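I would like the entire structure built from these sequences, with the hints used as guidance.
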Amino acid sequence: MPYVERNADGQIIAVYAVEQPQAHEFLEPDDQGLQQFLFQDNGRTFAYMRQSDLELQRVLEDVIDLLIDKGILMFTDLPVEAQKKLVGRKRVRQVLKHRNTILGTDDEDDPLPL
1306 MPYVERNADG
1316 QIIAVYAVEQ
1326 PQAHEFLEPD
1336 DQGLQQFLFQ
1346 DNGRTFAYMR
1356 QSDLELQRVL
1366 EDVIDLLIDK
1376 GILMFTDLPV
1386 EAQKKLVGRK
1396 RVRQVLKHRN
1406 TILGTDDEDD
1416 PLPL
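Numbering-wise (our numbering), the sequence shown opens with residue 1306 and increments by one.
FYI, nobody ran anything at the bench for these hints, they're computed from the structure.
Keep in mind the model is a prediction, meaning the values are calculated, not measured.
Cβ coordinates follow ideal geometry from the N, Cα and C atoms, glycine included.
Treat the hints with care, since some could be wrong.
Said to hold, decoys possible - As a list, the in silico BS3-like pairs of lysine-lysine whose alpha-carbon atoms are at most 30 angstroms apart: (1) Lys1389 - Lys1402; (2) Lys1375 - Lys1402; (3) Lys1390 - Lys1375; (4) Lys1375 - Lys1389; (5) Lys1390 - Lys1402; (6) Lys1375 - Lys1395.
Said to hold, decoys possible - Quick list of simulated restraints, FRET-style, between CB atoms: (7) Gln1327 - Gln1388: 18 to 28 angstroms; (8) Val1392 - Ala1313: 15 to 25 angstroms; (9) Gly1393 - Gln1345: 17 to 27 angstroms; (10) Lys1390 - Thr1350: 40 to 50 angstroms; (11) Gly1393 - Ile1318: 28 to 38 angstroms; (12) Lys1375 - Asn1312: 39 to 49 angstroms; (13) Val1400 - Asp1335: 34 to 44 angstroms; (14) Ala1322 - Arg1396: 41 to 51 angstroms; (15) Ile1407 - Asp1370: 36 to 46 angstroms; (16) Leu1359 - Arg1404: 11 to 21 angstroms; (17) Arg1355 - Ile1407: 40 to 50 angstroms; (18) Asn1312 - His1403: 40 to 50 angstroms; (19) Arg1355 - Pro1384: 17 to 27 angstroms; (20) Val1397 - Thr1350: 27 to 37 angstroms.
In structure tokens:
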């Protein structure tokens, strides 16, 4: 999952959960250079994990929807708290989709203004 960006000296300067225009090189999570980069600054490590978690969260929601659509999983099989969170996030995405339609954009993943 980690794609790295390197400087002119070949040192890792950034890590991304998904491939970026400036980061095409994929490294295994246990790569020694990647581990060194991540653990030289715990703040950077936590930022990477937070971004990765956000991206993975949407993937999991899509997988759950797919399993429900195919009849493999029943929504009611999920714990009540999970049901509430999924329904809440769907509502927010619908609001964002409606807002983006009004504004003339189609990116439903725009963050809510705080």
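Hints, verified against the model:
no., hint, verdict
1, Lys1389 - Lys1402, "20 angstroms, holds"
2, Lys1375 - Lys1402, "24 angstroms, holds"
3, Lys1390 - Lys1375, "21 angstroms, holds"
4, Lys1375 - Lys1389, "21 angstroms, holds"
5, Lys1390 - Lys1402, "18 angstroms, holds"
6, Lys1375 - Lys1395, "18 angstroms, holds"
7, Gln1327 - Gln1388: 18 to 28 angstroms, "40 angstroms, violated"
8, Val1392 - Ala1313: 15 to 25 angstroms, "49 angstroms, violated"
9, Gly1393 - Gln1345: 17 to 27 angstroms, "37 angstroms, violated"
10, Lys1390 - Thr1350: 40 to 50 angstroms, "26 angstroms, violated"
11, Gly1393 - Ile1318: 28 to 38 angstroms, "37 angstroms, holds"
12, Lys1375 - Asn1312: 39 to 49 angstroms, "46 angstroms, holds"
13, Val1400 - Asp1335: 34 to 44 angstroms, "40 angstroms, holds"
14, Ala1322 - Arg1396: 41 to 51 angstroms, "26 angstroms, violated"
15, Ile1407 - Asp1370: 36 to 46 angstroms, "25 angstroms, violated"
16, Leu1359 - Arg1404: 11 to 21 angstroms, "20 angstroms, holds"
17, Arg1355 - Ile1407: 40 to 50 angstroms, "30 angstroms, violated"
18, Asn1312 - His1403: 40 to 50 angstroms, "43 angstroms, holds"
19, Arg1355 - Pro1384: 17 to 27 angstroms, "24 angstroms, holds"
20, Val1397 - Thr1350: 27 to 37 angstroms, "28 angstroms, holds"
In the structure shown, a violation is registered for the earlier hints numbered 7, 8, 9, 10, 14, 15, 17, in ascending order.
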